[in-house]
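S.K.: Input sequences plus hints: build the corresponding full structure.
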Amino acid sequence: MVSVKKKTINGNTYYYLEQSFRKNGTINKKEKYLGPTLPKNIGKIKEEFQKEFYQETWFNRFDIIKEQFIKEKRNIPPSLEKKQTEQFATTFTYNTNRIEGSTITLRETADLLERGLSPSQRPVEDIKETEAHKKVFTDLLAYKKEIALPTVLYWHKQLFQDTKPDTAGKIRQHPVGISGSKFLPPYPIELDFLLRDFFDWYHKNKKTLHPVQLAGLAHLKFVTIHPFGDGNGRLSRLLMNSVLHKNGYPMLIIPYSQRKSYYTALERSQLKKDENIFILWFFKRYLKEYKQYLI
Numbered sequence: 007m008v009s010v011k012k013k014t015i016n017g018n019t020y021y022y023l024e025q026s027f028r029k030n031g032t033i034n035k036k037e038k039y040l041g042p043t044l045p046k047n048i049g050k051i052k053e054e055f056q057k058e059f060y061q062e063t064w065f066n067r068f069d070i071i072k073e074q075f076i077k078e079k080r081n082i083p084p085s086l087e088k089k090q091t092e093q094f095a096t097t098f099t100y101n102t103n104r105i106e107g108s109t110i111t112l113r114e115t116a117d118l119l120e121r122g123l124s125p126s127q128r129p130v131e132d133i134k135e136t137e138a139h140k141k142v143f144t145d146l147l148a149y150k151k152e153i154a155l156p157t158v159l160y161w162h163k164q165l166f167q168d169t170k171p172d173t174a175g176k177i178r179q180h181p182v183g184i185s186g187s188k189f190l191p192p193y194p195i196e197l198d199f200l201l202r203d204f205f206d207w208y209h210k211n212k213k214t215l216h217p218v219q220l221a222g223l224a225h226l227k228f229v230t231i232h233p234f235g236d237g238n239g240r241l242s243r244l245l246m247n248s249v250l251h252k253n254g255y256p257m258l259i260i261p262y263s264q265r266k267s268y269y270t271a272l273e274r275s276q277l278k279k280d281e282n283i284f285i286l287w288f289f290k291r292y293l294k295e296y297k298q299y300l301i
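Start counting the sequence shown at 7; every next residue gets the next number (this note's numbering).
One or more of the hints may lead you astray.
The calculated EDC-like cross-link candidates involving lysine to aspartate or glutamate, where the alpha carbons are at most 16 Å apart (straight line), are [stated by the list, open to error]: (1) K297 with D69; (2) K297 with E92; (3) K79 with E114; (4) K134 with E152; (5) K72 with E58; (6) K170 with D236; (7) K227 with D280; (8) K227 with D168; (9) K36 with E58; (10) K12 with E24; (11) K57 with E24; (12) K140 with D172; (13) K297 with E73; (14) K57 with E281; (15) K46 with E62; (16) K252 with E152; (17) K213 with E152; (18) K52 with E281; (19) K88 with E73; (20) K213 with E196; (21) K134 with D168; (22) K170 with E137; (23) K38 with E24; (24) K38 with D69; (25) K35 with E62; (26) K72 with D236; (27) K79 with E92; (28) K52 with E24; (29) K188 with E273; (30) K227 with D206; (31) K227 with E281; (32) K163 with E62; (33) K134 with E106; (34) K163 with D203; (35) K212 with D172; (36) K176 with D206; (37) K89 with E131.
The hints are simulated quantities; they were obtained by calculation from the structure and are not laboratory data.
M.R.: Dropping the structure here:
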């Protein structure tokens, strides 16, 4: 997080911007001198400083990941690429549903989605939502138009029309809470404005923000709005991967095993109204997932 620091030297006051970061196990600082008084456009300066820091610390490495990922794909036979996409769909579906309470194991998910074998003694709802998520994800990969509210409503309807037909594809008309979280999602009366604002933000920034940052922010902003009675996390993670896929970056799976740190980063960002908390968690997760491309 960028902060303003004041230093007094020989009775004179000087202002700086400061960003702390960890590198090779040690805490480092990046500073920018502001002058003896705070500039009137401090907000804009902080924004540019943050962008510069992200470029140096994260974006250059993300772009190497993309470059190596594309280079690797060129050498993969189409049949193997199709198999890898299916395997990603299976693992993504397992983890995103498991985070939300599904009881189906990874092996059972693979048997169901890749071999058509339904697991015994599992809730029908879990089976149907597993199949539905795979279908929506497959549709997402082929979707060429820009993301808009009708798209998201359609995806939500496809996800839940067989298990929650009364809420599938519908914006909630009732207040909701998030189990285990202190964050209270917006009231129903706020949702129309917040959703319009979200898609306005997305279309305004889709060409200016780095795609990995855009994907993380789209996830955070959408799940914070929490427009549906259920399925907000799954939709947010689908949006995240839609952004990455459209921009040629490898998509990301947030593992069920990392759900505690994931939820903590989301909640801290939401309570403190500081997007950088979740974004830094997201950047680290993305870099860890694809560090093999940086060797």
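S.K.: For the pair supplied as a hint, K57 and E24, confirm whether the alpha-carbon distance does not exceed 16 Å.
M.R.: Roughly 13 Å between the alpha carbons, so the hint for K57 and E24 holds.
S.K.: When you check the alpha-carbon spacing of K57 and E281, does it fall within 16 Å?
M.R.: 13 Å, holds
S.K.: Is the hinted pair K227 and D206 satisfied, with a Cα-Cα distance of at most 16 Å?
M.R.: Given pair K227, D206 holds - Cα atoms ~12 Å apart, limit 16 Å.
S.K.: Has the given pair, K140 with D172, been kept, meaning a C-alpha gap of at most 16 Å?
M.R.: 21 Å, violated
S.K.: Check whether the Cα positions of K227 and E281 lie no farther apart than 16 Å.
M.R.: 9 Å, holds
S.K.: For K163 and E62, compute the direct alpha-carbon distance and say whether it is at most 16 Å.
M.R.: 41 Å, violated
S.K.: Does K46 pair with E62 here, judged by a C-alpha cut-off of 16 Å?
M.R.: Violated: K46 and E62 sit about 26 Å apart, past 16 Å.
S.K.: Holds or violated: K79 and E92, Cα atoms, limit 16 Å.
M.R.: 15 Å, holds
S.K.: Could you grab the alpha-carbon distance between K227 and D280 and see if it respects the 16 Å cut-off?
M.R.: 11 Å, holds
S.K.: Quick one, are K170 and D236 close enough, alpha carbons at most 16 Å?
M.R.: Judged against 16 Å, a Cα distance of about 9 Å means the pair holds.
S.K.: Check whether the Cα positions of K213 and E196 lie no farther apart than 16 Å.
M.R.: Status violated; Cα separation ~27 Å.
S.K.: Take the C-alpha atoms of K38 and D69, compute the straight-line distance between them, and say whether it is at most 16 Å.
M.R.: 25 Å, violated
Violated hints for the displayed structure, listed by number in ascending order: 2, 3, 4, 5, 8, 12, 15, 19, 20, 24, 26, 32, 34, 35, 36, 37.
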